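> Chain by chain, the residues:
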Amino acid sequence: MLEIKNLTVGYGAINALHGISLSVAPGSIVTLIGSNGAGKTTTLKTVSGLLKPKSGEILYEGKNIAGLPPHEIVRRGLAHVPEGRMVFANLSVLENLEMGAYLVRDKKQIRAEMDAVFAAFPRLQERVQQISGTLSGGEQQMLAIGRALMGRPKFLMLDEPSLGLAPLLVAAIFAKIVEINRARGLTILLVEQNANRALEISHAGYVLETGRITLSGDSPSLRQNPQVRSAYLGG
Amino acid sequence: MNLNLRHAKTGLLGALALCFLVTLFSKFINPYWLYILYDIGINIILAVSLNLINGYTGQFSLGHAGFMAVGAYTAGVITNQFGQLNAFASGGVFLGALLAGGLMAAVAGLLVGIPTLRLKGDYLAIVTLGFGEIIRVILQNVDSVGGARGYSVMHGWTNFFWTFGLAAVTVYVIASLVNSTYGRGFIAVHDDEIAAEAMGINTTKYKVSAFVIGAFFAGIAGGLYAHSKQYITPGGFGFMQSIAFVVMVILGGMGNTVGVILAAILLTLLPEGLRFLAGVQQIPGVAKMYPLSWVGDTRMIIYSLLLIVLMLTRPQGLFAFKKRQR
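Sequence lines, in order, name chains L and W.
When we follow our numbering, the leftmost residue of the first sequence carries the number 1, and every step to the right adds one.
When we follow our numbering, the leftmost residue of the second sequence carries the number 1001, and every step to the right adds one.
Keep in mind that the hints were calculated from the coordinates and are not lab data.
Among the clues, some could well be false.
[To be verified] Below, in silico cross-link-like pairs of lysine-lysine (DSSO-like), each with a Cα-Cα straight-line distance of 27 Å or less:
hint, chain 1, residue 1, chain 2, residue 2
1, L, K108, L, K5
2, L, K107, L, K52
3, L, K176, L, K107
4, W, K1205, L, K107
5, L, K54, W, K1229
6, W, K1120, L, K54
7, L, K176, L, K5
8, L, K63, L, K5
9, L, K63, W, K1120
10, L, K52, L, K63
11, L, K52, W, K1120
12, L, K108, L, K52
13, L, K107, L, K154
14, W, K1205, W, K1120
15, L, K154, L, K63
16, W, K1205, L, K52
17, W, K1027, W, K1288
18, L, K176, L, K154
19, L, K154, W, K1229
20, W, K1009, L, K107
21, L, K54, L, K5
22, L, K154, L, K52
Since the structure is predicted, the reported quantities are computational estimates derived from the model, not experimental observations.
Produce the entire structure from the sequences given, and follow the hints as far as they go.
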């Protein structure tokens, strides 16, 4: 579904990604793990068009989307939930969800997607008129994911959905991610610091270290890998 | 606080009818106060349109007086081509001239909007400030519109109907814009540009549209101003004038239409009110004479102090009762 080939991205003269390659199979959850500054967020931002690559290809459904503006990429069905739960703080929950369906013109489809989001996150329905800046961290994360689903994406990128959440909420959010993947057949590229949980729910994984992919494989074997265990899984 | 839009169209028509009625009776209003009323209407248009740029979209423009100048000179030059006209023809010409002024200002807005793609915050403020000054200096050096001596506008066509009718239209257009699904994009750009982009919102388009739409209405206000004062000088559209509009937006509460309207009214009346106070010789009910003429000399100092006190005590905006109300 998504194939990245030799992608190099830099901020000014400094390269954050040195020619990485990875692929995500349709319907799978693939996780990208790595420490701070490894280039995980940079990878997602480049795929969604927020950053322009220096070289390399990003093939989505066989077509190169590298360097396209973000709204063109969203139009093709890629949704990106940015790091740090960036909800529109001055808009209500309802309005945030409506913004997620910004490119959808069909009112019926918007209504249907909204019902699906409320079914997945009943909490959002309870707070539908609340200004989203006043939601709790977990609710904001649910809103950010729900908002991304409103555009009925085919490919979802989640940037550290567990960031700053209590362990119980982390478990709930990860359960939702699996549910969304199974129920909708949605392909997911997940970036996480919480490597243990991410590998638990994903099918395959890549380990990113200072802009290079150092390890890859299916998730169970990565979890057994002694190098991964000592570096990311706490022994 | 946001305007309730359910009855917005009715409200707009009601406001227009009311404006028309007041215009019929405007002979009976003291001309001094009538002209202050025009100033209020014009300032409402300017503050509400600047609020789209600075408040809702979260950009920072310090060049609103520049857009106003473009509209004022354009409309003035157009109407000066006509001699005496009957009421009906003058209305048509005036409206056409105002729209032309608005369009010219919108073009200027487009030119300023483009740098916003690369600039944010303080840097953007400096660019818009520079733009406003460029307009002023250009007008100062164009001899055909009088240069620094100023330009005389023949027709005093601005009346209550045009001023408050167009103010009502401005409020209606901007309030319905930011409350539409399309218009929420402005607020989304303000709240979080990256998230907005990730939603597929073309943030570039929104930022430039905010400048174009804001400038259009500022241009219309400029046209009204020109035909109210009937004499415009480049100095009247300086940096301090732009600051005055920014103050109205901040005092009213950024992104709060009702608050900004109230602030525009208050800040137009305040200097006049202080002027009035200066003429008072005696406090009613007090036998001793207390001439308040000192108020006249310190009028602008009192005004500035009031602004400082207001900002210290109500940084969220004087009229921001709640962040947003449905």
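> Run every hint past the structure and note whether it holds.
Each hint tested on the structure:
no., hint, in the structure
1, K108/L <-> K5/L, "violated, 38 Å"
2, K107/L <-> K52/L, "violated, 33 Å"
3, K176/L <-> K107/L, "holds, 26 Å"
4, K1205/W <-> K107/L, "holds, 23 Å"
5, K54/L <-> K1229/W, "violated, 57 Å"
6, K1120/W <-> K54/L, "holds, 25 Å"
7, K176/L <-> K5/L, "violated, 30 Å"
8, K63/L <-> K5/L, "holds, 12 Å"
9, K63/L <-> K1120/W, "violated, 34 Å"
10, K52/L <-> K63/L, "holds, 16 Å"
11, K52/L <-> K1120/W, "holds, 20 Å"
12, K108/L <-> K52/L, "violated, 35 Å"
13, K107/L <-> K154/L, "holds, 19 Å"
14, K1205/W <-> K1120/W, "holds, 15 Å"
15, K154/L <-> K63/L, "holds, 15 Å"
16, K1205/W <-> K52/L, "holds, 19 Å"
17, K1027/W <-> K1288/W, "violated, 38 Å"
18, K176/L <-> K154/L, "holds, 17 Å"
19, K154/L <-> K1229/W, "violated, 60 Å"
20, K1009/W <-> K107/L, "holds, 23 Å"
21, K54/L <-> K5/L, "holds, 12 Å"
22, K154/L <-> K52/L, "holds, 22 Å"
The structure shown violates the earlier hints numbered 1, 2, 5, 7, 9, 12, 17, 19.
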